[in-house]
Amino acid sequence: MSKFLLSNTVTSIQPSGIRKFFDLASSMDNVISLGVGEPDFVTPWNVREASIYSLETGHTAYTSNAGLLELREEVSRYLNRKFQVTYQEDEIIITVGASQGIDIALRTILNPGDEVIVIDPCFVAYAPLVSLAGGIPVHFSTSGKDEFKLNIEALANTITPKTKAILLCNPNNPTGTLLEKELLEQLADLVKKHNLLVISDEIYAELVYDEEYTSFANIDGMRDHTILISGFSKTFAMTGWRLGIVAAPTEIISHMLKVHQYAIMCAPTMSQHAAVEALRNGEADVQAMRRSYMQRRNFLVKSFQEIGLPCHMPGGAFYVFPSIENTGLSSEEFAQELLIKERVAVVPGNVFGECGEGYIRCSYATSLEKLIEASKRIQRFIQTIPMVEPVGRI
Amino acid sequence: MNEKEIQLLQCIEQNGRLANDVLAKMIDVSEEEIIGMLNKFEDDRVILQYITLIDWGKVPIQETVTAMIDVKVTPKRGVGFDEIAEKIYRYPEVKSVYLMSGTYDLSVVVEGKTMTSIASFVSQKLSTLDSILSTTTHFILKRYKHDSIMYDQKEDDKRMVVTL
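Protein chains in written order, with numbering that gives the first Met the number 0: chain A, 0 to 393; chain B, 0 to 163.
These aren't lab readings, by the way, just hints derived from the structure by calculation. Please read these numbers as outputs of a predicted model, since none were measured by experiment. Among the clues, some could well be false.
[Unchecked claim] The calculated BS3-like cross-link candidates involving lysine-lysine, where the alpha carbons are at most 27 Å apart (straight line), are:
1) B:K157 <-> A:K369
2) A:K148 <-> A:K192
3) A:K369 <-> B:K3
4) A:K19 <-> B:K157
5) B:K39 <-> A:K301
6) A:K369 <-> B:K153
7) B:K141 <-> B:K94
8) A:K375 <-> B:K3
9) A:K340 <-> B:K157
10) A:K180 <-> A:K144
11) A:K375 <-> B:K153
12) A:K369 <-> B:K144
13) B:K141 <-> A:K369
14) B:K157 <-> A:K375
15) B:K3 <-> A:K301
16) B:K153 <-> A:K81
[Unchecked claim] Partial list, derived from the structure: chain A residues whose beta carbon lies under 7 Å from chain B:
17) F21
18) G34
19) V35
20) V123
21) P127
22) E152
23) A153
24) Q294
25) N297
26) R342
27) A344
Think of the CB as a built atom: it goes at the ideal place given N, C-alpha and C, for glycine as much as any other residue.
Please put together the full structure from these sequences, using the hints given.
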């Protein structure tokens with residue numbers, strides 16, 4: 000088919016750079032994968048059973064566009080309970096995963112040529128989604144030297160008259176970095192000053208280990224400037240159910256609902272029934288999973304530090320992002336050689352933006368036994384490489 | 000007891016073979032502290048035993064029979080159920096004894112090599128004890144799950160190798 004039949008925007012978007020690597024890893028046996036961006040837990044049984052029951056009782060029709068009222072009521076209570084933010088049922092849309100929430104948010108707010116600042120390293124879908132919505136993604140780099148935290152002064156210099164929004168991921172995929180309240184308040188000042196919107200992707204917000212979590216929507220004056228993205232995938236181990244949450248003030252959400260309605264009608268009904276059960280009776284499971292993730296995080300960070308790969312202690316999500324600069328290898332070389340020689344799959348950091356070069360993303364959503372084996376293999380691999388800098392530096 | 004100590008107990012309850020250096024990293028304390036905590040727990044009999052859960056069904060020569068026996072008893076003034084419970088749990092074939100609420104008083108788990116050996120334990124030893132009013136014996140036919148471990152569950156990661 001000749002190219003002119005296709006959209007210029009779509010053809011100019013690059014497919015995810017991880018494809019080749021994925022194919023290679025899939026073709027091998029005995030691979031321990033630290034490359035998986037989803038929980039290793041199966042959805043708790045009571046949640047699965049609730050969905051099965053909904054099918055048995057014939058709940059197979061569409062729900063309202065925004066999602067089951069019963070679910071949105073639960074979500075409203077949940078957001079208030081967890082993040083002390085107040086959204087009424089009609090300020091909430093149940094989406095097909097958090098990604099669709101980000102998509103409809105962008106499509107609702109962007110005019111052609113509007114700029115959206117994406118903070119690298121970040122989830123691979125952000126920039127393409129901005130482009131697909133007719134906007135221009137403006138990449139802002141954070142640095143491993145300050146644990147990939149936001150430098151607000153530098154961020155201010157990225158803002159132009161065309162800047163419409165900032166896409167924030169807190170805690171961050173791939174770095175695990177958690178932005179604390181003070182930093183969010185500084186960001187809020189900037190947002191107010193330039194009258195911007197923040198699409199705040201807080202999908203990992205329940206997986207925070209050392210301190211209290213602050214939602215950006217909870218910062219003074221920011222509710223009106225925030226489109227809050229949340230969901231069930233990471234918290235309740237429900238990735239395959241494809242269910243996200245968007246909350247925003249009525250003036251924004253009412254327009255988002257049109258995009259959602261015409262694009263996909265509503266999120267899957269059986270998934271929504273499961274989500275009601277997750278919100279009502281899922282807290283004990285979430286706590287157990289969180290404790291397990293925290294212990295595995297501690298183990299992996301300390302193992303990397305021992306091996307000689309500097310690694311900060313991430314405050315949230317289930318990723319660690321160690322530096323591999325002192326091996327003298329690029330992120331992709333490191334990931335490829337580690338996979339071939341020791342059968343451990345990690346994701347090269349540059350996939351998540353240029354400033355991720357020199358790092359690898361390792362997910363600890365994998366059994367402890369596998370993490371122990373993987374760290375042994377990585378240590379063996381490192382010992383075969385002439386290090387350009389002395390090891391053991393943090 | 001502090002939060003780290005509870006974490007340690009939860010970790011080794013799930014996997015008693017975790018090495019001290021791994022536990023130290025997980026709980027964010029030094030290896031020496033782990034050893035110190037474990038020693039203290041052992042001395043205080045908080046940790047009673049490190050045991051292994053074995054599926055004996057897969058070891059044909061070691062086949063055993065297990066029965067759960069509901070026992071009704073007459074409690075005694077001053078000692079309640081404790082005295083009769085002790086008399087029962089001293090028998091080596093008795094694996095566990097629980098005081099229960101509901102229609103019977105003691106739940107006794109007995110293990111033996113054959114059904115006959117259990118039958119003779121019940122009829123000759125257990126039933127003849129003073130204050131035993133009645134027994135109801137249930138033989139275990141198959142184990143599906145024990146101490147949170149599912150016997151037939153294979154480790155089966157259904158996720159793709161790499162997802163972003």
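Outcome of the hint check:
Restraint check for K157 (chain B) and K369 (chain A): satisfied, since their Cα atoms lie roughly 15 Å apart, inside the 27 Å limit. In summary, the hint linking K148 (chain A) to K192 (chain A) is supported, as the alpha carbons are separated by about 21 Å, within the 27 Å threshold. Proximity of K369 (chain A) to K3 (chain B) is assessed by CA-CA distance (about 23 Å); at most 27 Å being required, the pair is judged to hold. Our distance criterion of 27 Å between C-alpha atoms is met by K19 (chain A) and K157 (chain B), whose separation comes to about 20 Å.
At most 27 Å may separate the alpha-carbon atoms for a hinted pair to count; K39 (chain B) and K301 (chain A) meet this at roughly 25 Å. Pair hint K369 (chain A) plus K153 (chain B) holds up; C-alpha atoms about 15 Å apart against a cutoff of 27 Å. At most 27 Å may separate the alpha-carbon atoms for a hinted pair to count; K141 (chain B) and K94 (chain B) meet this at roughly 17 Å. Distance hint between K375 (chain A) and K3 (chain B) is fulfilled; the C-alpha atoms sit about 25 Å from each other, no more than 27 Å.
For the proposed pair K340 (chain A) and K157 (chain B), the alpha carbon gap of about 24 Å is at most 27 Å, so the pair holds. A threshold of 27 Å between alpha carbons decides the hint, and for K180 (chain A) with K144 (chain A) the separation of about 20 Å falls inside it, so the pair holds. Restraint check for K375 (chain A) and K153 (chain B): the C-alpha separation of about 24 Å stays at or below 27 Å, so the hint holds. A hinted pair counts as satisfied when its Cα atoms are at most 27 Å apart, and K369 (chain A) with K144 (chain B) qualifies at roughly 24 Å.
Restraint check for K141 (chain B) and K369 (chain A): the C-alpha separation of about 31 Å exceeds 27 Å, so the hint is violated. A distance of roughly 24 Å separates the Cα atoms of K157 (chain B) and K375 (chain A); the hinted pair therefore holds under the 27 Å criterion. Taken as a hint, the K3 (chain B) and K301 (chain A) pair is honoured in the structure, with Cα atoms around 17 Å apart against an allowance of 27 Å. Between K153 (chain B) and K81 (chain A) the alpha-carbon distance is near 35 Å, which puts this suggested pair outside the 27 Å criterion.
Taking 7 Å as the C-beta cut-off, the interface hint given for F21 (chain A) holds, the closest approach to chain B being about 5 Å. Evaluation of the G34 (chain A) hint against chain B yields a held restraint, the C-beta minimum of about 4 Å falling below 7 Å. Annotation: interface hint on V35 (chain A) holds; nearest CB of chain B at approximately 5 Å, less than 7 Å. Given the 7 Å rule on beta carbons, the hint for V123 (chain A) holds: about 5 Å separates it from the nearest Cβ of chain B.
The beta carbon of P127 (chain A) comes no nearer than 12 Å to any beta carbon in chain B, farther than 7 Å, and the hint placing it at the interface is violated. The beta carbon of E152 (chain A) comes no nearer than 30 Å to any beta carbon in chain B, farther than 7 Å, and the hint placing it at the interface is violated. Restraint check, A153 (chain A) versus chain B: the minimum CB separation of about 26 Å is more than 7 Å; hint violated. Taken as an interface hint, Q294 (chain A) checks out: its beta carbon lies about 4 Å from the nearest beta carbon of chain B, inside 7 Å.
This hint holds: N297 (chain A) has a C-beta 5 Å from the nearest C-beta of chain B, less than the 7 Å allowed. Hint status for R342 (chain A) relative to chain B: violated, with the closest Cβ pair at about 11 Å, above 7 Å. With a least beta-carbon distance of about 6 Å to chain B, the hint placing A344 (chain A) at the interface is held under the 7 Å criterion.
Hints 13, 16, 21, 22, 23 and 26 from the list above are not met by this structure, while the remaining hints are.
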